[in-house]
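Novice: Single-letter residue listing:
Protein chains: 2
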Amino acid sequence: MIFREQSRCSTTSARTGFLATRHGTIRTPVFMPVGTQATVKALTPSELMDAGAQIILGNTYHLYLRPGHRLIERLGGLHEFMGWPGPILTDSGGFQVFSLAQFRKIMEEGAEFRSHIDGSYHRLTPELAIEIQEALGADIMMCLDTCIPYPASREEARQATDLTTRWARRCLEARRRQDLLLFSIVQGGMYADLRRVHTEQLLTMPFDGYALGGLSVGEPKQLFFEMIEASRPVIPPEFPVYVMGVGTPEDLVECVAMGVDMFDCVMPTRNARNGMLFTSFGRIVIKNACFSEDERPIDPECDCYTCRHYSRAYLRHLFVARELLAYRLNTIHNIHYYLRLMEGMRRAIEQDRFVQFRRSFYEKRQKEIVTDV
Amino acid sequence: MIFREQSRCSTTSARTGFLATRHGTIRTPVFMPVGTQATVKALTPSELMDAGAQIILGNTYHLYLRPGHRLIERLGGLHEFMGWPGPILTDSGGFQVFSLAQFRKIMEEGAEFRSHIDGSYHRLTPELAIEIQEALGADIMMCLDTCIPYPASREEARQATDLTTRWARRCLEARRRQDLLLFSIVQGGMYADLRRVHTEQLLTMPFDGYALGGLSVGEPKQLFFEMIEASRPVIPPEFPVYVMGVGTPEDLVECVAMGVDMFDCVMPTRNARNGMLFTSFGRIVIKNACFSEDERPIDPECDCYTCRHYSRAYLRHLFVARELLAYRLNTIHNIHYYLRLMEGMRRAIEQDRFVQFRRSFYEKRQKEIVTDV
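Protein sequences, first through last, are from chains A and B.
The first sequence begins at 1 in our numbering and counts up by one.
The second sequence begins at 374 in our numbering and counts up by one.
Keep in mind that the hints were calculated from the coordinates and are not lab data.
Note that the coordinates shown come from a computational prediction; the quantities given were computed from them, not determined experimentally.
C-beta atoms are modelled at their ideal positions from N, C-alpha and C, and glycine is treated no differently.
Take these hints with a grain of salt, some might be off.
The calculated label-pair distances, taken between Cβ atoms and stated as ranges, are [to be verified]:
| id | chain 1 | residue 1 | chain 2 | residue 2 | range |
| --- | --- | --- | --- | --- | --- |
| 1 | B | G441 | A | P149 | 58 to 64 Å |
| 2 | B | G441 | A | E363 | 56 to 62 Å |
| 3 | B | P593 | A | D50 | 46 to 52 Å |
Chain A stretches covered by chain B per the calculated footprint, using a threshold of three residues with CB under 8 Å from any CB of chain B [as the list claims (entries may be wrong)]:
| id | region |
| --- | --- |
| 4 | 75-88 |
| 5 | 99-113 |
| 6 | 224-234 |
Coverage of chain B stretches by chain A, computed from C-beta distances (three or more under 8 Å per stretch; other residues unrestricted) [said to hold, decoys possible]:
| id | region |
| --- | --- |
| 7 | 408-415 |
| 8 | 443-453 |
| 9 | 682-688 |
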């Protein structure tokens with residue numbers, strides 16, 4: 001088994017564990033910063049490590065199109081290419097292709113799409129998704145899946161889910177490298193019974209872990225949690241469980257409480273570049289005029305490089321002046337915030353005080369003194 | 374005296390020296406990276422120090438307009454605001470206002486101009502230029518000068534030069550802080566006699582150093598050198614001499630040979646962001662297809678962070694994908710190249726082998742194997 005559960009909360013389903021990959025063992029629950037184009041935007045690998053990143057995510061769709069997976073393979077693989085020594089998880093490209101809207105067509109064979117870079121035609125099949133990820137040398141590969149829009153009819157959701165199952169089987173068959181882990185992705189739209197059945201189907205196949213996909217696509221929060229509840233308990237404890245593309249700090253806390261082990265999201269990095277910063281007391285929008293002479297760090301409780309060296313006034317100036325340094329310093333802070341949140345949850349679970357941790361997390365945020373100024 | 378000459382080349386006018394400021398002593402000849410808006414674009418102060426930066430330049434025009442010199446003063450001055458502990462030289466804003474073309478008007482009193490940010494009207498006088506620079510707390514302040522376009526008639530050049538002299542006198546009178554050094558700026562257009570006379574006029578006033586301004590504005594290279602020759606020898610050895618806004622690596626080598634001590638230029642930083650990288654064997658344009666699978670560092674002779682960690686192939690990918698990390702890694706390299714070049718010249722002068730250094734500098738560049746690929 002590649003995953004070992006370490007400790008478990010006595011009240012919720014929160015747990016800690018170890019996930020072994022060929023580039024090191026990851027402590028879970030874990031958040032994976034997103035490094036779409038062979039870089040976590042604006043940061044170096046050493047800044048990621050300083051922030052406590054254990055594993056990062058790369059995007060198959062983007063790397064396939066540019067600079068190309070064969071080129072990266074010839075240059076020694078994705079780790080060598082981008083200088084990141086830790087584990088990497090790559091998605092399958094399915095979600096990105098799905099996001100191309102009118103520029104893609106889903107068929108039994110795979111997904112046909114046009115490149116967002118040059119408009120060229122491509123066909124992404126389950127076999128190609130595995131070929132790309134093996135060439136990149138990802139520590140954890142994802143099966144190609146079909147994403148289901150929200151809302152979608154039950155029949156639409158069922159058909160897409162069945163196709164995802166057939167593609168998952170083809171991914172397993174296409175896999176050549178056993179040293180790279182392979183996770184499959186539960187779909188089912190917003191239908192709890194479809195999600196449960198799909199989870200059971202995928203569990204009959206020999207995957208190393210299971211992801212819950214097609215969530216956080218615009219559905220009400222209650223539905224989001226219901227879908228996780230429909231499939232998470234079905235997955236035995238010896239497998240890592242990954243909720244894809246999630247989420248806000250609150251989402252992470254709630255999903256951890258439901259027993260989720262892995263997360264990725266562009267929110268900390270993208271919001272940083274838009275000037276939205278996460279703090280222990282809520283979110284702040286750094287361009288607000290109230291910060292123009294504010295000598296305090298973003299978050300007095302934070303010990304990131306940005307908070308140790310710079311005032312809100314300086315960060316506001318950089319952001320308003322559109323200086324490159326703004327994006328970097330903001331990203332360092334937000335990534336640090338997310339990774340510290342995960343670390344705090346792991347420690348709380350180990351000491352069986354996760355419920356208190358969660359309460360304190362929300363109490364602090366009720367004092368959102370700066371958010372709406 | 375704030376400047377002390379240390380050693381002198383036995384063949385050329387190249388020299389080394391020490392320039393004392395309240396934030397430390399600078400070894401000359403020195404190159405000052407440009408930090409227009411309270412940041413050297415894309416870099417942190419610690420990256421600048423790692424690259425060997427001794428002093429940086431701030432732009433009065435930009436900081437006056439945004440975030441405002443009074444705000445920076447209230448926050449402890451420019452050093453504290455941007456987290457740079459070393460010396461800072463600020464320009465007077467004259468050149469930037471001059472560059473606004475149809476949006477400015479030069480009068481006896483000062484320069485009226487419209488802000489490039491919001492179109493608001495402002496009047497920059499010699500007194501205000503000093504007030505701003507004292508509020509910023511610059512270690513070295515520059516007098517407000519009038520720049521002379523190229524080409525300009527002799528009469529036009531003479532009038533602008535005379536106005537610069539009157540403004541220099543007003544700057545001296547406006548100065549309140551004696552702990553901040555004040556340099557004046559030699560003008561004279563492209564008329565050698567005007568330059569010589571202007572230098573002599575400014576030398577009758579108690580400035581801490583002398584800059585040669587209005588150069589590298591489109592004139593032929595020969596004229597550029599003639600103008601330096603017209604005024605550099607007039608300035609006694611006890612003053613630091615600064616050629617403003619210069620230049621290419623070749624310019625730096627030639628100006629050092631003529632006895633220039635200080636330089637600033639946006640070339641290494643701006644070109645980095647445009648993908649043009651300086652190396653010991655010439656310039657390379659990183660987006661060129663020939664680098665797509667090139668595993669070598671930018672310059673095998675370079676020991677900067679970028680060259681120690683990344684291949685040309687990766688840097689090309691980042692640049693083509695317009696990733697923020699590209700601008701930063703390229704800037705680190707180019708700044709490092711410029712600062713190493715200055716360090717190499719200082720060492721060569723001290724060991725009286727500057728002439729050999731210069732010869733070797735040009736020989737290496739004749740093998741420009743990569744530039745035009």
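Novice: Run every hint past the structure and note whether it holds.
Specialist: Checked hints:
Checked against the hint of 58 to 64 Å, the pair G441 (chain B) and P149 (chain A) fails, with Cβ atoms roughly 49 Å apart. For G441 (chain B) and E363 (chain A), the hinted distance range of 56 to 62 Å is not satisfied, since their beta carbons lie about 38 Å from each other. For the pair P593 (chain B) and D50 (chain A), the supplied restraint of 46 to 52 Å holds, since their beta-carbon distance comes to about 50 Å. Counting residues of the region 75-88 of chain A whose beta carbon lies closer than 8 Å to any beta carbon of chain B gives 4, which meets the minimum of three for the stated coverage.
Here the region 99-113 of chain A counts 0 residues with a CB under 8 Å from a CB of chain B, which misses the bar of 3, and the coverage is violated. Here the region 224-234 of chain A counts 0 residues with a CB under 8 Å from a CB of chain B, which misses the bar of 3, and the coverage is violated. Coverage of the region 408-415 of chain B by chain A holds [criterion: at least 3 residues with CB-CB distance below 8 Å; count 5]. Only when three residues or more bring their CB closer than 8 Å to a CB of chain A does the claim for the region 443-453 of chain B stand; here the count is 3, and the claim holds.
With 5 residues carrying a beta carbon less than 8 Å from a beta carbon of chain A, the region 682-688 of chain B meets the three-residue requirement, and the given coverage holds.
Consistency note: the structure conflicts with the earlier hints numbered 1, 2, 5, 6.
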